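Colleague: Here is how the chains run, residue by residue.
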Amino acid sequence: MHPLLDRIQQAFSSGITGLAEWRGDVAVTVSRDKLHEVAQFLRDDPWMDFDYIVHVSSVDWPDDEERFEVVWEFYSIRKRHRIRLKARVPESDCVVDSLTDLWKGADFMEREVYDMMGIRFRNHPDLRRILMPDDYTEGYPLRKDFPLRGKGWRDTFEFLDEISR
Amino acid sequence: MAFEDQRTTVYKIDPEHPESESLPTLRTEELLLNMGPQHPSTHGVLKVILELEGERLVKSTPVMGYLHRGVEKLAEDGTYHQFIPHTDRLDYVCAMYNNFAYCRAVEKLLNLQVPERAEYLRTIVAEVQRIIGHQFWLGAQALDIGAMTVFFYTFRDREILLDWFNELCGARLTTSWYRIGGVERDLTPALIDKLKQFLEYFPAKIDEYQVFLEKNRIWIGRTKGVAVISAEDAVSFGLSGPVLRGSGVDYDLRKYEPYSAYPKCEFSVPVGKNGDTYDRYWIRVMELYESVKIIRQCLEQMQEGPIMADAPSVTLPPKERVFTNLEAMIQQFKLFSQGFDAPPGEIYCGTEAHKGELGFYIVSTGGGKPYRLKIRAPSFVHMGAFDHMARGYMISDACTIFGTYDIVMGECDR
Chain C
700 MHPLLDRIQQ
710 AFSSGITGLA
720 EWRGDVAVTV
730 SRDKLHEVAQ
740 FLRDDPWMDF
750 DYIVHVSSVD
760 WPDDEERFEV
770 VWEFYSIRKR
780 HRIRLKARVP
790 ESDCVVDSLT
800 DLWKGADFME
810 REVYDMMGIR
820 FRNHPDLRRI
830 LMPDDYTEGY
840 PLRKDFPLRG
850 KGWRDTFEFL
860 DEISR
Chain E
1448 MAFEDQRTTV
1458 YKIDPEHPES
1468 ESLPTLRTEE
1478 LLLNMGPQHP
1488 STHGVLKVIL
1498 ELEGERLVKS
1508 TPVMGYLHRG
1518 VEKLAEDGTY
1528 HQFIPHTDRL
1538 DYVCAMYNNF
1548 AYCRAVEKLL
1558 NLQVPERAEY
1568 LRTIVAEVQR
1578 IIGHQFWLGA
1588 QALDIGAMTV
1598 FFYTFRDREI
1608 LLDWFNELCG
1618 ARLTTSWYRI
1628 GGVERDLTPA
1638 LIDKLKQFLE
1648 YFPAKIDEYQ
1658 VFLEKNRIWI
1668 GRTKGVAVIS
1678 AEDAVSFGLS
1688 GPVLRGSGVD
1698 YDLRKYEPYS
1708 AYPKCEFSVP
1718 VGKNGDTYDR
1728 YWIRVMELYE
1738 SVKIIRQCLE
1748 QMQEGPIMAD
1758 APSVTLPPKE
1768 RVFTNLEAMI
1778 QQFKLFSQGF
1788 DAPPGEIYCG
1798 TEAHKGELGF
1808 YIVSTGGGKP
1818 YRLKIRAPSF
1828 VHMGAFDHMA
1838 RGYMISDACT
1848 IFGTYDIVMG
1858 ECDR
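Just so you know, the sequences run in chain order C and E. Going from the first sequence to our numbering is simple: count from 1 and add 699. Going from the second sequence to our numbering is simple: count from 1 and add 1447.
Do not take every clue at face value.
The list that follows gives simulated cross-link-like pairs (lysine-lysine, DSSO-like), each with its CA atoms no further than 27 Å apart [said to hold, decoys possible]: (1) E:K1520 with C:K843; (2) E:K1702 with E:K1643; (3) C:K778 with E:K1711; (4) C:K778 with C:K803.
Distance ranges between label pairs, derived from CB positions [claimed, not checked]: (5) C:G714 with E:E1751: 40 to 50 Å; (6) C:R821 with E:G1839: 27 to 37 Å; (7) E:D1524 with C:E790: 18 to 28 Å; (8) C:N822 with E:D1757: 48 to 58 Å; (9) E:P1765 with C:S713: 24 to 34 Å; (10) C:G723 with E:S1760: 46 to 56 Å; (11) C:P824 with E:L1479: 37 to 47 Å; (12) E:H1835 with C:E764: 48 to 58 Å; (13) C:Q739 with E:P1636: 54 to 64 Å; (14) E:E1751 with C:R827: 19 to 29 Å; (15) E:S1677 with C:R827: 44 to 54 Å; (16) E:E1751 with C:G723: 55 to 65 Å; (17) E:P1765 with C:N822: 22 to 32 Å; (18) E:L1746 with C:S713: 53 to 63 Å.
I should point out that these hints are in silico values taken from the structure, not numbers from a laboratory. Quick caveat: nothing in here was measured; it's all calculated off a predicted structure. Even glycine gets a Cβ: it sits at the ideal position worked out from N, Cα and C.
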C-alpha cells in the first residue's frame, strides 16, 4: 500500500471508510464527522504536510443512500505528493464541515460546490452562490436530476425537434 | 435630510477653534463602488464591489458568473472526443494549452501512451501557446495601467504565431489541434522553417519589450510593491503559475511532475522574491526566454515517427483514411457519437498552463461519457485571493491586480 495511506490508517482507528490507489492517484474516504480532524492531520502532520489546496469538487450519485460525494484535492509543495480526500453526504442533511480555516483558498471553491450541487459547508464565512445569480431559485445545476436544458422560464422556449430542423 | 448610516462619521474641521460650533462640518463615509461588469481591464465580464475609504480599498467582493455557460454540465452529455472543442472556449486566449490539459487527463484515465514524436509536437505547440499567452498578458497588462506602446509590439509578434497556428490547424484562437492519444496533424517542413525563423527573431524582441516597460517610471511605480502576497498566503490560497512563483515558491508541474517532452529538455523555472506585480512580470518575461529554449531543444531532438497512439478503439483514424475508407469513417462516426468505453475510476491530472495549474478531475463509471468532469481553472482560484491582495491599495491598483493574475473570465466562470 502507498506509504501515505499506511500512515493515515495508523493515525486513525475509526472514521476512515475507504483507501484507494488508482493510476497513481491516492484517495481517502472519510466519514463526515471525522472530516475536519483528518484534514487537519493532512495539513499539520510533518509526513503529510499538505499545505496547498488544489480543488474542491462534488459528485452526485442519485441511487446511493448517501447521495453526494464531496472531493478535496491537496498537494504538498515541500514533499511534492498529492492526495484526494472524499466524504459522503446524504441528501436529507447536506452539510459538511468547511475547511476554510485550514486552507484560505477553500473559500471560493466551497462556494462553487454549494452553488452547483447544493451542499452546505458548516462554518463557512460567506456561503453564497458564486457563478449563478444570487436570486436563482431553480435548483442546483450539476445535480443529475437537473435537466441539461435548464429549468424554469426556459421551459417555455419553443425548441425545434431533431426532425423538423 | 442628511444621509444616516452607521459608517457615517461627522468631523469638525477644527474642534479647537473658538468658533468651532459655527464652522461647517465634514462628513466621511465608506463608499461602495461597482467596478464592472463592463470595464476594459477586467478582460471579460466581471464585477467587483469595492468598499472604499477615500481612495483606499477596504474590502472587495468579486461578483462572477456573467460568462457561466455550464461547461461541466455539457461535458456530462458529450463523449470524450466531443468535449475537446469546448475546452478551447475556457481560456480562449490560450486554447491549445486547454486542449493539452484535457487530452492528458483523458489519457491518464485510459492509461494511454502517446508516441514520442507526438509528445515533442505537443510540447512545441504548448510552448508556442505559452509565448502567445505571455505576450498577450504583457501587452494587455501594461495597457490596463496606462503604458500603451508595448501592446502594439507584443501584438505584432503574437500575430506571427497566430498565423502559424492558422497554418497548422486552420484556426487562430479556438484551435482544437490536440487529440486523445496524439495530435491531429504533423508539422510540415514549411511550418518548422517558419518557427525556426521566429525563434531567431524573437529573443531580441523580448529585450525590446523590457526596455519599454523597465525604463518607464510610471509603470515601475505602479507595479513594484503593488499587490504583494506572501509565500505562505499564496500557497494557502492555492495560487499557481507565475502568481505563486512570484512569491518565491518553486512550483512548476513541468519540472516537478514532468510530462510530455519536458523531462528531456533543459530549462529553468524563474522564481521571484518579493511577491509583487513586478516580480510576476519578470517571471513571465523570463519564461518567454525559457519557452524559446524548450522549442529549440524539441526541434533538435524530435525524430520521425507516428503522431497518434496505436489504440484504434480509442484514437481517431487519420483524416485521409476517413475520407477514403469506409471502415475508418464508421470508426470516426462511432467514436464521436457513442465514444469509447472508458474504464470506471477517477483521476485528477494537472497541467502547467501559462496562467497556472489547469487541472481536470474526471469521474468515469464506464461508457463513452464522463460521469463528472470538474475543471480546476487557475483564474477562478486566483479570484479567491483578490480581496486579500487588494486590501489597502488604491482603486486604480484594482486594475493592476486583475492584470497580475492574467485573468480570463471564460475560464473563471466556465
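Colleague: Hints first: check each against the structure and report whether it holds.
Modeller: Outcome of the hint check:
Pair hint K1520 of chain E plus K843 of chain C holds up; C-alpha atoms about 9 Å apart against a cutoff of 27 Å. Distance check on the hinted pair: K1702 of chain E and K1643 of chain E sit about 25 Å apart at the alpha-carbon level, within 27 Å; holds. Restraint check: the Cα-Cα separation between K778 of chain C and K1711 of chain E comes to about 23 Å, which is no more than 27 Å; the hinted pair holds. Pair hint K778 of chain C plus K803 of chain C holds up; C-alpha atoms about 20 Å apart against a cutoff of 27 Å.
Against the hinted window of 40 to 50 Å, the Cβ-Cβ separation of G714 of chain C and E1751 of chain E comes to about 55 Å, which falls outside the hint. Judged by the Cβ atoms, the range 27 to 37 Å given for R821 of chain C and G1839 of chain E holds: they are separated by roughly 31 Å. For D1524 of chain E and E790 of chain C, the Cβ-Cβ distance of about 23 Å falls inside the hinted range of 18 to 28 Å, so the restraint holds. For the hinted restraint 48 to 58 Å between N822 of chain C and D1757 of chain E, the CB-CB distance of approximately 52 Å keeps it satisfied.
For P1765 of chain E and S713 of chain C, the Cβ-Cβ distance of about 55 Å falls outside the hinted range of 24 to 34 Å, so the restraint is violated. Hint check: G723 of chain C to S1760 of chain E, Cβ distance near 23 Å, so the stated range 46 to 56 Å is violated. Separated by about 20 Å at the C-beta atoms, P824 of chain C and L1479 of chain E break the suggested range of 37 to 47 Å. Take H1835 of chain E and E764 of chain C: their Cβ atoms lie about 40 Å apart, and the range 48 to 58 Å is violated.
The hinted range of 54 to 64 Å is satisfied by Q739 of chain C and P1636 of chain E, whose Cβ atoms lie roughly 58 Å apart. About 56 Å separates the C-beta atoms of E1751 of chain E and R827 of chain C, a value inconsistent with the hinted range of 19 to 29 Å. Separation of S1677 of chain E from R827 of chain C is about 27 Å and departs from the stated range, judged on CB atoms against 44 to 54 Å. The given range of 55 to 65 Å is broken by E1751 of chain E and G723 of chain C, whose C-beta atoms sit roughly 31 Å from each other.
The given range of 22 to 32 Å is broken by P1765 of chain E and N822 of chain C, whose C-beta atoms sit roughly 55 Å from each other. Between L1746 of chain E and S713 of chain C the beta carbons are some 57 Å apart, a value that agrees with the proposed interval 53 to 63 Å.
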